[in-house]
Structure formats: C-alpha cells, structure tokens
Amino acid sequence: GQNIDQPTEMTATEGAIVQINCTYQTSGFNGLFWYQQHAGEAPTFLSYNVLDGLEEKGRFSSFLSRSKGYSYLLLKELQMKDSASYLCAVREANSGYALNFGKGTSLLVTP
Amino acid sequence: GAGVSQSPSNKVTEKGKDVELRCDPISGHTALYWYRQRLGQGLEFLIYFQGNSAPDKSGLPSDRFSAERTGESVSTLTIQRTQQEDSAVYLCASSLGGMTEAFFGQGTRLTVV
Chain A
80 GQNIDQPTEM
90 TATEGAIVQI
100 NCTYQTSGFN
110 GLFWYQQHAG
120 EAPTFLSYNV
130 LDGLEEKGRF
140 SSFLSRSKGY
150 SYLLLKELQM
160 KDSASYLCAV
170 REANSGYALN
180 FGKGTSLLVT
190 P
Chain B
42 GAGVSQSPSN
52 KVTEKGKDVE
62 LRCDPISGHT
72 ALYWYRQRLG
82 QGLEFLIYFQ
92 GNSAPDKSGL
102 PSDRFSAERT
112 GESVSTLTIQ
122 RTQQEDSAVY
132 LCASSLGGMT
142 EAFFGQGTRL
152 TVV
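Order-wise, the sequence lines are chains A and B.
Counting from 1 along the first sequence, just add 79 to a position and that's the residue number in this note's numbering.
Counting from 1 along the second sequence, just add 41 to a position and that's the residue number in this note's numbering.
Hints listed in this document are in silico derivations from the structure and should not be mistaken for laboratory results.
Careful: at least some of the hints might be erroneous.
Per label pair, the in silico range of CB-to-CB distance [claimed, not checked]:
no.	chain 1	residue 1	chain 2	residue 2	range
1	A	Glu156	B	Asp104	18 to 28 Å
2	A	Gly137	B	Ser68	24 to 34 Å
3	B	Leu137	A	His117	18 to 28 Å
Note that this is a predicted model, so its numbers are computed, not measured.
Cβ atoms here follow ideal geometry from the backbone N, Cα and C, with glycine treated the same way.
Starting from the given sequences, assemble the full structure and let the hints guide the process.
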C-alpha cells in the first residue's frame with residue numbers, strides 16, 4: 080500500500096506561479112502522474128515522471144525525487160481556467176501496476 | 042473508440058436494488074481501472090484489469106461489489122443490494138498497457154435513494 084499526501088487547498092493570483100507538492104510512500108514505485116480535474120468533469124492527464132528530475136510541458140512542469148518520495152507540479156503564468164483540482168497519482172509495481180490517487184489539491188486562481 | 046465511454050451517465054436506483062455500470066475503453070488499451078469519487082472527495086481505487094484478469098481487487102469495498110472484463114474490452118461493475126453510501130461518481134479509465142497514462146471516461150453518477 081501507499082500514502083499520498085497533498086495540500087487540500089491553495090489560492091494564487093492570475094499571472095503568478097504556484098507549486099503543488101505531493102509526497103508519497105510506496106514499496107514498489109513505478110511512476111508518478113499529475114492529473115487536472117475541473118468540477119463535475121473527468122480527470123485529464125497532465126504529466127508523468129518515472130526518473131528523477133524536471134519534466135516541462137508548456138506552462139506546466141513536474142518534478143520528481145524518488146529518494147525523497149516527493150514530487151511537485153509547477154504552474155506558471157496562471158490563468159483563471161487553471162482553477163481546478165490537481166491530483167497526484169502513483170503507480171505501484173507490487174500491485175500489478177495499479178494507479179493510486181491522492182485526495183487532490185483544490186487550486187483557486189483569483190484576479 | 043475515440044475515448045473511454047461509460048454508461049449510463051446517470052443512474053438513480055432504490056436502496057436494495059442491483060446496478061450494473063458499463064465501461065468501453067479506448068480500443069487496444071489493455072489496462073482498465075475503476076474508481077469511485079464521492080462528492081468533494083478524491084478518487085478511491087476499486088479494481089484494475091490487465092487484459093481480462095484483475096491482479097488487484099483490493100479496493101472493492103465489500104462483497105456487494107464485483108467487476109468483470111471480457112474480450113480485453115468492455116468491463117462491467119456490478120453493485121448488489123445498493124446502499125445510500127454507494128452514491129458517488131464511478132469513473133473508468135484505460136491505458137495502453139500498465140506503463141502509460143490512463144485516460145478517463147466521463148463517469149456514471151449513481152444516486153441511491
């Protein structure tokens with residue numbers, strides 16, 4: 080099994096940068112994913128990290144440190160439409176590659 | 042298909058009745074996941090299929106819940122003798138093997154009255 084921890088809520092200003100942290104404990108790490116979920120909608124894939132380091136994709140970047148069991152999602156040049164829940168998910172090899180999610184971080188972007 | 046399709050999109054059922062939820066994954070995706078999401082809560086893992094077999098059933102909350110998958114395609118999640126606590130959105134996702142990102146369907150909103 081595993082524990083995945085994220086802050087429950089965050090608020091940031093339009094145009095700013097925000098970092099959403101995720102820590103996890105797992106015995107068979109096999110990749111970390113970030114998803115975005117707008118209210119009433121299905122989650123959509125943002126990023127994937129399996130090796131240590133930073134993955135950049137446009138305004139979004141994700142970082143992983145396997146030794147620390149730590150990841151963050153960095154959102155730059157925030158837009159109002161970025162207000163959503165951000166879900167950290169860990170794939171664990173010991174359970175046949177099941178994908179387990181944290182409870183999500185609700186981000187509110189204000190003008 | 043173009044995306045993961047779930048049916049029905051909404052289901053209202055009386056307490057004690059059985060319900061069957063369907064998921065059509067993206068064509069060719071061998072991995073399929075079921076999750077439950079209660080209002081304002083995170084995604085609760087239920088079950089994972091690789092092909093037609095389920096290596097991980099640890100998330101099924103009780104023996105009233107069961108799932109099957111046939112032909113490495115369609116999956117059904119069955120909830121017997123539904124209870125009010127079963128009310129939630131049930132999300133299905135599929136991925137190309139177990140090592141790539143999962144794509145989600147729009148979910149089935151189940152309300153038990």
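Hints the structure fails to honour: Going through the list in order, the structure violates hint 1 alone and respects the others.
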